[in-house]
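**Student:** Everything in the sequence shown is counted per the working numbering, starting at 6 for the first residue and increasing by one.
Among these hints, one or two may not hold up.
[As the list claims (entries may be wrong)] Computed Cβ-Cβ distance ranges for the label pairs, DEER-style:
| no. | residue 1 | residue 2 | range |
| --- | --- | --- | --- |
| 1 | 230 | 17 | 46 to 56 Å |
| 2 | 50 | 175 | 15 to 25 Å |
| 3 | 83 | 186 | 38 to 48 Å |
| 4 | 111 | 171 | 45 to 55 Å |
| 5 | 276 | 26 | 45 to 55 Å |
| 6 | 90 | 256 | 19 to 29 Å |
| 7 | 86 | 12 | 56 to 66 Å |
Because the hints were derived from the structure by calculation, they are not lab data. Note that the Cβ used here is the ideal one computed from N, Cα and C, for glycine as well.
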Amino acid sequence: MRLPHWLSLTALIAATVLLWSLREVLLLLFAGVVVAMALCTLVGILRERRPMGRSLALVICLGGLLTIFTVILTVVIPPFLEEFAVLLQQLPKAAQTLLGLLMDWIDGISQAIYGADSASNLDELGVSDPSKLVPDGQSIAAGLGSGVLGLLGLAGNVGNAVLRLLFVVAVALMVSVQPQAYRGVGLQLVPSFYRRRAAEVLDRCGQALSSWMVGVLISSVAVSALCGIALSLLGVKLVLANALLAGLLNIIPNVGPTMSTVFPMAVAVLDAPWKSIAVLGAYVVIQNMESYVITPSVMHHQVKLLPGLTLAAQFVFTLMFGPLGLLLALPLAVVFQVVIREVLIHDVLDHWTNSGATP
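Whenever a hint applies, use it, and build me the whole structure from the sequences.
**Tutor:** Okay, structure coming up:
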């Protein structure tokens, strides 16, 4: 290669290294764009129903969201935090109860196999205390506590998390005020011959994100309501905390529903073991309803992501970007799917011909 080629390659490598070093900032910018897309979607829906200027519609949407946030902060959050604190206190007791049930199950199997004198057989094997076969309650409680603390500390310390949140909100507000201006700036970075096509791809990405966000919001509310009804019918305590957790964690596919099942099962096992099994069955039914009934019904223009691709996206983006990558894995996957389909497949591979092939 000649000197200009080497200089171009060096500049490309330097740009790649720079972008990688700024990956957290770029991810926060993407989060701001996602929030801005949600605001723009609300503004568009409001303007379709009531013709008005964009600025007035944006002010009304922000005022409505602020009112809803204030109501949630003053009415819902205090009892939720109180119940969640009690829920965390119940986890060690639930771990000890599960340990006792497990030891009874091991003892029953041992008696069925070795007879009533199974304790002597265990002594011959060098296990004088069967409870040593599994971790004690304090170890399990410590493990659960560290896991919960790790979950609550995903964004780092409180100050860092607040600064990141303010940055995302600021980016979202700036983009939502003048979306076309920022869209034009982004298109200027694309070669002139491809700008019209890039504008179409950006529109498709926006439509896909809007459809995904509306669908996730409706499905999360439905899951939260169904879980609250199921827990109330089963007589499980701390219904509000568990129902809200189920709705919030429903945003994270695959991982979220599994995590949301642990807490109500831990509360239910303290009342009766059969309740925990009933809770598990109810959550499995609700998640299947969400996957096969609710989500397809509310997403008329649904972005169809295969479960395997969704899980792979969560794994890859979590390794690359950490906990924030896990939270944004699905919108990132939605955007990447649209870009790959429109750019790589339609614009490149569909027009790729072998010029040297014989007719």
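**Student:** All hints are to be evaluated individually against the structure, with a verdict given for each.
**Tutor:** Hints and how they fare:
Between residue 230 and residue 17 the beta carbon distance is about 51 Å. The supplied range of 46 to 56 Å therefore holds. The given range of 15 to 25 Å is respected by residue 50 and residue 175, whose C-beta atoms sit roughly 24 Å from each other. A C-beta distance of roughly 41 Å is found between residue 83 and residue 186, which places it inside the suggested range of 38 to 48 Å. A hinted range of 45 to 55 Å holds for the C-beta pair residue 111 and residue 171, which are about 53 Å apart.
Checking the proposed 45 to 55 Å range against residue 276 and residue 26 shows it holds: the Cβ atoms sit about 52 Å from each other. Between residue 90 and residue 256 the CB atoms are about 23 Å apart, so this pair conforms to the stated range of 19 to 29 Å. Against the hinted window of 56 to 66 Å, the Cβ-Cβ separation of residue 86 and residue 12 comes to about 58 Å, which satisfies the hint.
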